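Protein chains: 4
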Amino acid sequence: MSKPEGLPPMEYRFLGRSGLQVSAISLGGWLTYGGHVDREGTFACMKAAYDCGVNFFDCAEGYASGESEKVMGEAIKKYGWKRNDLVISTKLYWGGGFGEIKVNNTGLSRKHIIEGMNMSLERLQLDYVDLIYAHRPDRRTPMEETVRAFNHLISTGKALYWGTSEWNADEIAQAWRYADKLGLIGPLMEQPQYNMLERTKVEHEYAHLYRETGLGLTIFSPLKQGILSGKYKDGIPDDSRFAQTQVEFVAGYWKRTGKEQFQAIVDQVNSLQPIAEKLGVKLSVLALAWVLANPNVSSAITGASSPAQVYENIEAIAVYKKLTPEILKEIDQKLNNKPPAITARF
Amino acid sequence: MSKPEGLPPMEYRFLGRSGLQVSAISLGGWLTYGGHVDREGTFACMKAAYDCGVNFFDCAEGYASGESEKVMGEAIKKYGWKRNDLVISTKLYWGGGFGEIKVNNTGLSRKHIIEGMNMSLERLQLDYVDLIYAHRPDRRTPMEETVRAFNHLISTGKALYWGTSEWNADEIAQAWRYADKLGLIGPLMEQPQYNMLERTKVEHEYAHLYRETGLGLTIFSPLKQGILSGKYKDGIPDDSRFAQTQVEFVAGYWKRTGKEQFQAIVDQVNSLQPIAEKLGVKLSVLALAWVLANPNVSSAITGASSPAQVYENIEAIAVYKKLTPEILKEIDQKLNNKPPAITARF
Amino acid sequence: MSKPEGLPPMEYRFLGRSGLQVSAISLGGWLTYGGHVDREGTFACMKAAYDCGVNFFDCAEGYASGESEKVMGEAIKKYGWKRNDLVISTKLYWGGGFGEIKVNNTGLSRKHIIEGMNMSLERLQLDYVDLIYAHRPDRRTPMEETVRAFNHLISTGKALYWGTSEWNADEIAQAWRYADKLGLIGPLMEQPQYNMLERTKVEHEYAHLYRETGLGLTIFSPLKQGILSGKYKDGIPDDSRFAQTQVEFVAGYWKRTGKEQFQAIVDQVNSLQPIAEKLGVKLSVLALAWVLANPNVSSAITGASSPAQVYENIEAIAVYKKLTPEILKEIDQKLNNKPPAITARF
Amino acid sequence: MSKPEGLPPMEYRFLGRSGLQVSAISLGGWLTYGGHVDREGTFACMKAAYDCGVNFFDCAEGYASGESEKVMGEAIKKYGWKRNDLVISTKLYWGGGFGEIKVNNTGLSRKHIIEGMNMSLERLQLDYVDLIYAHRPDRRTPMEETVRAFNHLISTGKALYWGTSEWNADEIAQAWRYADKLGLIGPLMEQPQYNMLERTKVEHEYAHLYRETGLGLTIFSPLKQGILSGKYKDGIPDDSRFAQTQVEFVAGYWKRTGKEQFQAIVDQVNSLQPIAEKLGVKLSVLALAWVLANPNVSSAITGASSPAQVYENIEAIAVYKKLTPEILKEIDQKLNNKPPAITARF
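Chains as they are written, first to last, in my numbering: chain U, -3 to 342; chain S, -3 to 342; chain L, -3 to 342; chain C, -3 to 342.
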C-alpha cells in the first residue's frame, strides 16, 4: 500500500525543555518489531512512517530480547537514511529480555548501563542513539550511580539525551537533585503509558515536573493496546495481541480487572463513538488525537503492524487541532476519570 | 485529675535523620487550644502532658487565627519550663487564619515566611521555635524562594529545623534539589495526616524519601478526628467536633464520603474492637499505638481537651510494643487498605 | 574432579552502596595463579568456580609480577565467558611485582595509575576491569592526585568502580573529601584482610564508613593463609605456603609473633573444632562461613589450588546461615578478640 | 606566693594551620575550677598563669556542671583583662554535667549546640568564646548537622574557631568532608589526652591529619592525672584527685588496670627519675616538657590547684628545648610504648 493522498504534514515538537525536535507521532517496537511482525513487515512500516515525516523510532534492549533493535538497525541501513534526519532511542534495564532479571545484566548499575549500551549499539549498528532511557526505576542502585552512568554515556558520545520510563515523580526529582549537585545532565524525558484510560501519571503526578525540570513526554500505548481502537467491542479476536505470546505480560490489565469490569471499560470506550463519528474519524484516530491535544506530550509512540495502520495514525495530526475545549470537556464527562487538579495556592 | 499510677515512661525518638529528639507522643493545638478548649483547659492539658514527659508542642499561625500560639506561649511562661527541655513548633502559610487566603499574608513567599515568623514568635513570646513548617505547598511561589526563606529563618536563629506539611513526595524532593544546589538545609520533617484510615502518603508515597532525604514524620490526626476512637459508632454526638464551628473545614471527610459510606467506615473501625479488647485497651489507644508501631513516625501529635485524654494517650507508648507482626497483619486484613509495596527491582 | 551434588546455589550481594552484584564467594590469585599453581591448575579452578556461580575474579598487577593477570585473562578467553557475566578486578601499586619499589612504577601517582592500568588491561586482554583498587595507600602522593587519577580511569571507560586495599579509615574518608569537593567518584570498596584472627579493621576501624560512605568489603585471607584451616595444628608442613618462595613477605605474621605465640594461636584455633563438628563441617568451612555472616562483607576472596578446594569453599554459603547469634557468641568467647564497640552517644 | 625569678618567657604557638596563637602552656578547669578548688584559689591560679603569659584558658559546659565556666568568667571580670589578650574556650556536649545524658541537652544536635553555647556564654559573662569544642563525637547526630551548627556559632559571632575532643581520625576527616562540600569551616583543633603513657591517638592515629587538615592540638592530662608527677610512687595520698568526688569517673584508668598493673606503670614512671635528675628538674616538669617537644602540640592544658603549681609548670617551656634526640630516644626506650610509624610508601 502506498501513501494515501490528503495526509496532514508531520508536526515536530520540541522534546521537553530541549532543542531537539521529534515527530508528534513516532514508531515503536514494543511487541511488534523483532516479535510478531516479521522483518519485511517491519521494514515496510518504518518506510511508511519515514515517508510520512516520522523521525523518531523507539526501541529497547528488552524488546524481543534485542531482536527489535536488530531489525530497526537493519532498516536504517537498508534505506540509507541520513543519521541526522533520525531520532533513535533505546532503553536499558532488562539486558536479558523484557521482564527477566539477571545478575548485573538487569537494572541501572553503572556496569549494566555501560555494557547494555554497548550491546544495544552493536545490535543497532549505530555509533550512538539520540535518546537513552532507564526502562524502569531501580531502587536498589543508588540514584547517584545511575545519574553518573547515563552522563557517562553522553560524555562518551554514545547517547545525546537521557530520560526515564515509568518512574515516579519524586524519583525524577531525585535524579535532578543529583544531577544539579554534580553539575551533570538531568533526565530530559519520560516515557509513561498515556491514553484516555490511564491519565494519572501524566495529568496529575508529573504536573510539577513540566515546569520544574522541563520534562518532555514520549508516551506509549496511546490506544491502550488496542482497547481504544474499539477492536474489543465484540470480544477479543484471535489475531489481537491478547492472543499472542506476550499476552501474559501485556495483559496485566486484562487480568487485573476481570472480564466483567473489562466489559464496563469497553462500554465506556464505545460511548465515545458518537464523538468520533461527529468528527468523521475512527475511534482509534480520536484516541490518538486526544493524546496529542495534551501540550506536555512531545511524541506519541505508536505501534503498527502494517503501513495502513501507520497512515491511519498520521491522520491524528490533523484531528487533534479540531478538538475544541467543548469536545474535550464532553470526552472528560464520558470518561469520568479526569485526575484532580493540583491546587496552586490553598 | 492528677497523673494516674502505672503510666509508661515517655519514649524519645530522633526526628528523621537529625540529632533532635522528640517525645513519641506530642500535643497539638489544631482545633482545641485557642479554640473550643479554654485557656485554663489548655494549661491543664499542657501541664499533664509535660509531666508525662511530652517535650514537643505543636502549633501553627493559622490555628484559631493565632490564639493557639498565644495560649501555648502563656503556658510555657506560666509553668517556667526551661527552653532547652522543650521542642516548640509552628507553621506558616495562613497568616490570616486556617484556610483563609489574603494577599501576601498567605503562602510561602519570602515576605510572608519572614513576617509570619516574626508575628508567630511574638505571639509565642519566644526568641525561636525548634521546628518551623510550611503548612502547605505553595505552587505559585518558586521553590527556590521558599527554600531560601526557610534557611533565612535558620540562619537568623529564629528556627532550628524546617519542614513541610502535606506536601507531595516530588515537592519535597524538589526542595532538596534546591537546597543541595545552593548548599542550604533541606526540609527535615513532614507533618502528614496518618492513621488507620489514611495510609497512602506515609506508607507508599514517601517511601523513597526516608532513605533519600532522611525524612522524619510528626503525624497529625492519629485518631482521624475521633472516628478511630469509636465515638461515632452510635451516631454523631452533639459535643463532637463535627458539631462545632470548625466542622465545615474539618469534616471534608464527612462530606466527601456521604453518610452511607461513612457508616461503612464506622463499621470497619468497629471490627477492630475485638483486637483492642484482646489487648485490654480502648480502641483509641490501639489506634494510636498502631501509628507508633511505624518506625518512620517520629512523633504522633495528639489533640486532647482534658488531662484524662492526655493520660489515656500516653498508654499507647506501652501498647505499641505489644503489636506483634501477627496482630499488625490481622489489623491489615480488617482494614484492607494497605498501600501496594514499592517494587525495588523489576 | 567434577562439581559434587548438593552444593548450595551461589549468593550475590551488592558491593557496598552500589548497584553491582558480586558472588559472596570469589576467587583470587594472590599467591597461586601465575605463581605456585600452574596454568592448567588455574584454568581448572576458575572453571570450577564459574560453574558454581562465582562471578568475581580478583587480581593485581603485583601478583606474581603480572603472571596472575595473564593467566586469568587466558582463562576468560579460553572458556568464552560473556564479559557482562563477569566482575573482574585488578589492583595498582606495585608495577614491578608485589612489595618491590621502583621509581614511577610503584605507588599512586597519576603516571603509575594510568600506565599501570594500561599494562594490566593488556595482560588481561580486556578493554576494562569492573573494579580497580589502590593496592595500598601512598602517603607521598597527594590524595587529590590519586582520587583524580582513579576517576580518570572511570571516565575513560577502563574501570567501572574504584576502591582501596588496606587503607586506614581516615584515609578513605579523606579520599571521599576530595571526591566530594571535586564532584568526583569516591572509593566504593575496600579489600582488607579479615578473618577470625584479624578483626579490628573490619569490625572497629571502618565502623563509621559503612554508613558514611557506603563502603563495601571484598575481604582477603578469610582462612589467614591456612592457619584457620587447621593445617598447622601439627606443625608446618613442607608443602604449605610458608615453605614457598613468598614466605618472607607472607609470614610477617610468623615472624612478628614468634613460634611460641604462634602455637598459642594454633591452640585457640583448635578450640573451635568442636563447634565445626557440631555443625558437621570442616574448620575451614566454618571459618569462611563466619566471615560471610558479617553483613558488611560483600565477597570473601578465596584462594584455591584445586577444584576440590573451590567446591569446599562453596559449602560456606549454606553454613553461614546456620550461624545463630548463640553460635557466634560462643565463637567470640573462644576467640576472645572481639573489638570494642563504638559508643554512639556518650 | 608571688611569681619566682628566673621563669622562662612564655612561648606562643600557632593553633594548627590558623593565624591564632596560643600559649604553649595553658590552664584548664576540668576537675578543679568550680570543683574542688574554691573561688579564691581559682582566681589566684588564673592570675598567676596570666602573669606568666598564659593567654589560653580552657573550660567546658560539663565541667562541675557549669560552675567552672562561672568562676572563670568572674576571674576575667575581676582582673579586668582585655578580651583581645585572651583565648577563651569551652566545650559542648554534656549540658547536664560531665558524663550525664539528657534528652536534647546532650550531644551535638543543632539544638544543643546553639542552646548550649548561649548558656555557656551567659555563665562566662562573655559575648563570644575564641574556641568552641565538640566535647565528644555524637554518632547519632548526622555529621552534616553538627558541622553546620558549629559554623552557625561562628557566623553569629559566638565563637571564632571550632574543634573536637577525643574524636577518631576518620570522624575528623568526615567533618572536613562536609565542611568542604558545603564551603564551610572545618574543625581546626583537637583536644585529646596526651602524655608519656597515652601516645597512640596523637602520634599514630592523627598522623595524616596534621598535613591533610592542618589540625592543631590542645592536649589535656599531660601528667596523666598526676601519675607522671611521681606522686603515686608511694601509694595514693588522701589529698589526690583519686580521693575526691570525681574519682569514680576520672580513675577509669585505675579501675581498668587493677592495682598490680598500676604498680607496674608507677615503676616505669619511676624509671624516668634519673633522666629528670640529670636535667635537674622534677619528673612532672620533664613529663610536661616531653609533651611540648612534640611540634604538633599547640598547647598543653594544665590543671593547677595553686600558684606554685602554675609556676612549676612554666618551667617546662625552658626544659623542652633541652630534650635532645638522644634524651628523647632514651625516654622512648624506658617507656617502650612508641606507636608504630605510618609507612609513607610501601
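Rather than coming from a laboratory, the hints here were simulated on the basis of the structure. These figures come from a predicted structure and were not determined experimentally. It cannot be assumed that every hint is accurate.
Just so you know, same-sequence chains aren't split out, so a pair can sit in one copy or run between any two.
[As the list claims (entries may be wrong)] Calculated cross-link-like contacts (lysine-lysine; reagent style PhoX-like; alpha-carbon spacing at most 20 Å):
no. : residue 1 : residue 2
1   : K43       : K227
2   : K98       : K78
3   : K318      : K227
4   : K229      : K318
5   : K(-1)     : K220
6   : K154      : K318
7   : K325      : K177
8   : K330      : K278
9   : K73       : K274
10  : K98       : K318
11  : K278      : K78
12  : K98       : K229
13  : K278      : K73
14  : K227      : K74
15  : K154      : K278
16  : K229      : K78
Hints and how they fare:
no.	hint	in the structure
1	K43 <-> K227	neither (26 Å within a copy, 54 Å between copies)
2	K98 <-> K78	between (36 Å within a copy, 13 Å between copies)
3	K318 <-> K227	neither (24 Å within a copy, 51 Å between copies)
4	K229 <-> K318	neither (26 Å within a copy, 51 Å between copies)
5	K(-1) <-> K220	neither (26 Å within a copy, 50 Å between copies)
6	K154 <-> K318	neither (40 Å within a copy, 47 Å between copies)
7	K325 <-> K177	neither (42 Å within a copy, 41 Å between copies)
8	K330 <-> K278	within (17 Å within a copy, 47 Å between copies)
9	K73 <-> K274	neither (43 Å within a copy, 67 Å between copies)
10	K98 <-> K318	neither (48 Å within a copy, 27 Å between copies)
11	K278 <-> K78	neither (34 Å within a copy, 49 Å between copies)
12	K98 <-> K229	neither (39 Å within a copy, 43 Å between copies)
13	K278 <-> K73	neither (34 Å within a copy, 58 Å between copies)
14	K227 <-> K74	neither (33 Å within a copy, 54 Å between copies)
15	K154 <-> K278	neither (40 Å within a copy, 51 Å between copies)
16	K229 <-> K78	neither (42 Å within a copy, 48 Å between copies)
Violated hints, listed in ascending order, are 1, 3, 4, 5, 6, 7, 9, 10, 11, 12, 13, 14, 15, 16; each of the other numbered hints is respected by the structure.
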